[in-house]
Amino acid sequence: MAKETSIRVCMGPGGIASGGEEVLRAFGRELKKSNVKAALKKGCSMHHVGCMGLCARDVLVEVVLNGKTYTYQYVTPDMVSTIVSKHVVGGKPIKEWLVDDSYVNFIKKQTKVVLSDCGRINPESLDAYIAVGGYEATRSVLKSKTPEDTIEIIKESGLRGRGGAGFPTGRKWEFCRAVESDRKYIICNADEGDPGAFMDRALLEGNPHAVLEGMIIGAYAIGADSGYVYIRAEYPLAVERLRLALKHAKKKKLLGRNILGSGFNFDIKIKLGAGAFVCGESTALMYSIEGKRGMPRITPPRSTEAGLWGKPTVLNNVETLANIPYIIRNGANWFASFGKGKSKGTKVFALTGKIKNSGLIEVPMGISLRKIVYDIGGGIEEDKKLKAVQTGGPSGGCIPASMIDINVDYESLAKVGSIVGSGGMIVLDEDDCMVNVAKYFLQFTQSESCGKCVPCRVGTKRLLEIMERITSGRGKTSDLALLEKLGNDVKSASLCGLGQAAPNPILSTIKYFREEYEVHIAGRCPSKVCKELLTYSIIEELCKGCCACLRACSSGAITGEKKKPHRIDQSLCVKCGACFEVCKFKSVDRE
Amino acid sequence: MRGKDFSVEQAAGTLESLYEKYRGEKGAVIPLLQDVQEEFGYLPEEAVNWIADRLEVPRSFFFGVATFYAQFHLAPRGKNIITACSGTACHVKGSERIINFIKRDLGLTDKQETTEDMGFTLEKVNCVGVCSISPVVIINKKVHGKAAPAKILKEIKLLKKKK
Chain A
1 MAKETSIRVC MGPGGIASGG EEVLRAFGRE LKKSNVKAAL KKGCSMHHVG CMGLCARDVL
61 VEVVLNGKTY TYQYVTPDMV STIVSKHVVG GKPIKEWLVD DSYVNFIKKQ TKVVLSDCGR
121 INPESLDAYI AVGGYEATRS VLKSKTPEDT IEIIKESGLR GRGGAGFPTG RKWEFCRAVE
181 SDRKYIICNA DEGDPGAFMD RALLEGNPHA VLEGMIIGAY AIGADSGYVY IRAEYPLAVE
241 RLRLALKHAK KKKLLGRNIL GSGFNFDIKI KLGAGAFVCG ESTALMYSIE GKRGMPRITP
301 PRSTEAGLWG KPTVLNNVET LANIPYIIRN GANWFASFGK GKSKGTKVFA LTGKIKNSGL
361 IEVPMGISLR KIVYDIGGGI EEDKKLKAVQ TGGPSGGCIP ASMIDINVDY ESLAKVGSIV
421 GSGGMIVLDE DDCMVNVAKY FLQFTQSESC GKCVPCRVGT KRLLEIMERI TSGRGKTSDL
481 ALLEKLGNDV KSASLCGLGQ AAPNPILSTI KYFREEYEVH IAGRCPSKVC KELLTYSIIE
541 ELCKGCCACL RACSSGAITG EKKKPHRIDQ SLCVKCGACF EVCKFKSVDR E
Chain S
1 MRGKDFSVEQ AAGTLESLYE KYRGEKGAVI PLLQDVQEEF GYLPEEAVNW IADRLEVPRS
61 FFFGVATFYA QFHLAPRGKN IITACSGTAC HVKGSERIIN FIKRDLGLTD KQETTEDMGF
121 TLEKVNCVGV CSISPVVIIN KKVHGKAAPA KILKEIKLLK KKK
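So the sequence lines, in the order shown, correspond to chains A and S. For the record, in the first sequence the residue sitting at position 149 is 149 according to the working numbering, with numbers rising by one throughout. For the record, in the second sequence the residue sitting at position 112 is 112 according to the working numbering, with numbers rising by one throughout.
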């Protein structure tokens with residue numbers, strides 16, 4: 001059998017930003033050349049794919065030749081003609097451009113379920129999805145399973161919500177199924193608002209049909225006839241690919257009236273979010289679809305009883321829904337064979353920060369954090385010391401390096417004061433200031449608080465003020481106890497998940513990095529991050545008198561003549577750090 | 001008709017067609033405002049008033065929605081939009097330093113987003129979802145990954161020359 005030659009260019013979020021389109025065009029031009037065409041008698045297919053994972057090395061290009069796959073990293077358009085002539089035509093891979101062992105480890109040590117087709121198939125082609133078994137699950141559910149059977153499979157699989165709270169998906173569906181109503185809705189939450197998480201974006205851009213298929217099956221199970229995808233307007237490409245996928249699915253009668261001749265009707269609309277973190281909360285999200293301010297309400301009634309427009313509604317996250325077709329196709333037991341304890345299956349994490357192999361990874365639940373950071377992630381950038389791993393975004397916490405052997409699953413992370421959340425995983429090294437990181441997250445939640453309930457609106461503001469006091473040298477020894485007391489109050493008294501989780505970054509950093517807070521209160525930032533705790537001075541021997549710092553100084557604290565060493569007047573210095581940033585000769589010192 | 005010179009008389013036709021597009025649709029306030037912003041570059045107060053009056057909905061309802069969501073801008077924006085990501089990954093990789101460089105270059109004060117001559121708007125956003133190539137700066141929709149101050153300032157210089 002003649003083996004197909006093909007080229008796959010990564011055009012996930014990272015791929016495009018690194019110039020994927022230009023690389024793809026360059027391949028197109030090369031393959032059209034007459035001598036190349038003549039040499040490739042069997043032809044060569046070329047297409048773009050969604051996120052391949054290791055975005056830090058984009059643009060990634062895979063060449064499949066004689067049944068073997070070769071991956072090139074950091075590809076630029078000017079490398080393309082060489083790759084085509086030497087490798088695609090000549091059959092000789094260009095070794096120095098191929099990925100190294102660390103990439104092989106990055107891929108090998110992962111377990112791909114929900115990402116198994118992402119980065120392999122053309123996301124803009126329905127046929128490509130069907131060719132890898134797509135919509136088989138829909139067909140089998142509609143033909144031979146009752147809604148109850150379907151719910152049972154999902155319950156047995158142990159799938160839990162991948163967006164944050166980890167609620168069992170099958171049970172959510174069951175609740176909604178049980179409610180009598182003339183109308184029900186299913187909503188896909190694609191309002192990925194956690195800073196540091198981009199798996200939903202990658203899935204929607206890399207395999208949108210899997211998400212649609214999950215929605216169709218979910219709708220059938222709960223008895224809904226219409227659905228919404230609530231997606232961030234900040235993800236234009238995901239929206240575009242989703243629109244295209246909807247169009248193709250409708251044409252093939254996979255959506256609309258009488259789907260695949262089964263008598264089941266279901267259609268999906270897209271709603272663009274307008275930028276509010278709190279809209280990740282289910283009741284707030286539904287108000288936003290209704291065109292109102294996205295402010296959460298008290299539950300019960302739960303959304304499964306009275307959700308969108310007051311009708312029973314199921315809200316599932318993108319990754320949760322994309323798992324559904326794979327579970328139906330391979331069985332509940334197969335899915336449950338991955339993972340540990342009450343956390344079944346796999347989870348996608350966005351591994352970023354000070355890590356060598358920064359990108360999108362999928363691992364079985366319960367894997368140790370050490371394996372993620374060192375085996376898959378390849379260790380810390382510049383081989384520095386690991387300080388902590390932040391998980392769960394602004395609602396999560398920091399896991400200190402000493403706990404590196406912890407299992408990453410819902411229960412284990414909750415025990416140490418963090419959460420799995422949507423799967424953001426930010427690696428922090430010795431240069432990062434934990435107090436600053438905690439303050440950063442609080443700034444975020446404080447500004448995203450919708451303002452409806454007092455504990456969150458006022459509590460986060462006061463917490464932030466205390467954090468600002470500590471990082472600017474005005475901290476008091478009593479502040480730590482106050483932060484803990486107030487933090488716990490905000491946690492227990494806030495109306496929704498945003499407020500209930502907002503103090504987590506502070507509480508977890510106080511728990512594991514208390515001495516760092518104490519040093520700040522004493523007036524020092526050991527990581528040299530908190531500017532107001534630093535003193536800036538000019539090292540005269542290194543200063544060339546270029547005047548760059550003098551021009552950058554907004555408070556007129558720097559004096560000096562051209563080509564002569566400058567000076568900083570400490571009484572005028574506002575500690576903005578501008579001089580340090582602009583100096584090209586490293587002659588500004590900060591202590 | 002973008003920028004500062006909005007006039008509701010001139011815009012009436014456009015507003016009418018947007019009103020028609022969403023007439024009778026449930027929950028269309030946000031898409032309607034998104035379209036108005038797409039059309040004029042921001043949400044001119046008079047335009048929002050016009051639509052609220054046309055729909056016979058209190059103006060406060062529309063402004064309630066417009067001020068709730070980060071995507072809506074109530075003031076005119078610059079010709080060039082620079083979006084600096086301040087997501088967590090970008091933050092730990094030095095996004096603040098880059099933002100400071102851009103601010104100094106454009107002469108923006110801490111509270112200012114748009115330059116006096118309406119040439120540039122600098123906005124900080126929470127996360128643009130390309131954390132693996134952080135820090136990220138988007139200039140007029142083009143994403144610049146692993147952004148270094150010098151590289152970004154060079155781009156800005158080119159844009160300054162263009163006008």
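Bear in mind the hints are in silico, worked out from the structure with no lab data behind them. Where is the CB? At the ideal position from N, CA and C, for every residue including glycine. There's no promise every hint is true.
Said to hold, decoys possible - Straight-line distance between alpha carbons at most 20 Å, and here's what the computed EDC-like set of lysine to aspartate or glutamate pairs gives:
| # | chain 1 | residue 1 | chain 2 | residue 2 |
| --- | --- | --- | --- | --- |
| 1 | A | K292 | S | D35 |
| 2 | A | K292 | S | E45 |
| 3 | S | K141 | A | E22 |
| 4 | S | K146 | A | E516 |
| 5 | A | K269 | S | D35 |
| 6 | S | K146 | A | E381 |
| 7 | S | K146 | A | E581 |
| 8 | S | K142 | A | E581 |
| 9 | S | K111 | S | E96 |
| 10 | S | K160 | S | D117 |
| 11 | A | K575 | S | D35 |
| 12 | A | K575 | S | D110 |
| 13 | S | K141 | A | E21 |
| 14 | A | K292 | S | D110 |
| 15 | S | K26 | A | E21 |
| 16 | S | K103 | A | E240 |
| 17 | S | K146 | A | E240 |
| 18 | S | K26 | A | D267 |
| 19 | S | K141 | A | D267 |
| 20 | S | K151 | S | E116 |
| 21 | S | K151 | A | E581 |
| 22 | S | K146 | A | D429 |
| 23 | A | K575 | S | E96 |
| 24 | S | K146 | A | D589 |
| 25 | A | K531 | S | D110 |
| 26 | S | K142 | A | E21 |
| 27 | A | K292 | S | E25 |
To be verified - Estimated spans, in silico, between C-beta atoms of each pair:
| # | chain 1 | residue 1 | chain 2 | residue 2 | range |
| --- | --- | --- | --- | --- | --- |
| 28 | A | T535 | S | K142 | 46 to 52 Å |
| 29 | A | E22 | S | E123 | 56 to 62 Å |
| 30 | S | G64 | A | D569 | 45 to 51 Å |
| 31 | S | E9 | A | K37 | 56 to 62 Å |
| 32 | S | E46 | A | K461 | 32 to 38 Å |
| 33 | A | G256 | S | E56 | 19 to 25 Å |
| 34 | S | A150 | A | D383 | 24 to 30 Å |
| 35 | A | N66 | S | L158 | 54 to 60 Å |
Taking the hints in turn, this is what the structure says about them:
Between the alpha carbons of K292/A and D35/S the distance comes to roughly 16 Å, so the proposed pair stays at or under 20 Å and holds. Restraint check for K292/A and E45/S: satisfied, since their Cα atoms lie roughly 19 Å apart, inside the 20 Å limit. As the CA atoms of K141/S and E22/A are separated by approximately 16 Å, the hinted pair is consistent with the 20 Å bound. This hinted pair does not check out: K146/S and E516/A have alpha carbons roughly 29 Å apart, beyond 20 Å.
The hinted pair formed by K269/A and D35/S meets the criterion: a straight-line CA distance of about 17 Å does not exceed 20 Å. Distance hint between K146/S and E381/A is fulfilled; the C-alpha atoms sit about 14 Å from each other, no more than 20 Å. A threshold of 20 Å between alpha carbons decides the hint, and for K146/S with E581/A the separation of about 17 Å falls inside it, so the pair holds. Annotation: proposed proximity of K142/S to E581/A is violated, straight-line Cα distance about 25 Å (limit 20 Å).
With a C-alpha separation of about 15 Å, the suggested pair K111/S and E96/S falls inside the 20 Å cut-off, and the hint holds. For a cut-off of 20 Å, the pair hint linking K160/S to D117/S stands: about 11 Å separates their Cα positions. For the hint linking K575/A to D35/S, the alpha-carbon distance of about 43 Å lies beyond 20 Å, and the restraint is violated. Proposed proximity of K575/A and D110/S is supported: the alpha carbons are some 15 Å apart, at most 20 Å.
The hinted pair formed by K141/S and E21/A meets the criterion: a straight-line CA distance of about 15 Å does not exceed 20 Å. For the proposed pair K292/A and D110/S, the alpha carbon gap of about 31 Å is over 20 Å, so the pair is violated. Distance check on the hinted pair: K26/S and E21/A sit about 38 Å apart at the alpha-carbon level, beyond 20 Å; violated. Distance check on the hinted pair: K103/S and E240/A sit about 33 Å apart at the alpha-carbon level, beyond 20 Å; violated.
At roughly 25 Å between alpha-carbon atoms, K146/S and E240/A are farther apart than 20 Å, so this suggested pair is violated. A distance of roughly 16 Å separates the Cα atoms of K26/S and D267/A; the hinted pair therefore holds under the 20 Å criterion. Restraint check for K141/S and D267/A: the C-alpha separation of about 32 Å exceeds 20 Å, so the hint is violated. Of the pairs offered as hints, the one joining K151/S and E116/S is violated, with about 24 Å between alpha carbons and a cut-off of 20 Å exceeded.
Under the criterion of a C-alpha separation no larger than 20 Å, the hint pairing K151/S with E581/A is consistent with the structure, at around 15 Å. For the suggested pair K146/S and D429/A, the alpha carbons sit about 18 Å apart, so the restraint of at most 20 Å is met. Simply put, K575/A and E96/S have alpha-carbon atoms about 14 Å apart, close enough for the 20 Å limit, and the pair holds. Restraint check for K146/S and D589/A: the C-alpha separation of about 26 Å exceeds 20 Å, so the hint is violated.
For a cut-off of 20 Å, the pair hint linking K531/A to D110/S stands: about 16 Å separates their Cα positions. Distance check on the hinted pair: K142/S and E21/A sit about 12 Å apart at the alpha-carbon level, within 20 Å; holds. For a cut-off of 20 Å, the pair hint linking K292/A to E25/S stands: about 14 Å separates their Cα positions. Checked against the hint of 46 to 52 Å, the pair T535/A and K142/S fails, with Cβ atoms roughly 39 Å apart.
Taking 56 to 62 Å as the suggested C-beta distance range, the pair E22/A and E123/S does not conform, at roughly 27 Å. Between G64/S and D569/A, the C-beta spacing of about 49 Å keeps the proposed range 45 to 51 Å intact. About 60 Å separates the C-beta atoms of E9/S and K37/A, a value consistent with the hinted range of 56 to 62 Å. One distance hint, 32 to 38 Å for the beta-carbon pair E46/S and K461/A, holds here, with the actual separation near 33 Å.
For G256/A and E56/S, the hinted distance range of 19 to 25 Å is not satisfied, since their beta carbons lie about 35 Å from each other. For the hinted restraint 24 to 30 Å between A150/S and D383/A, the CB-CB distance of approximately 26 Å keeps it satisfied. Judged by the Cβ atoms, the range 54 to 60 Å given for N66/A and L158/S is violated: they are separated by roughly 46 Å.
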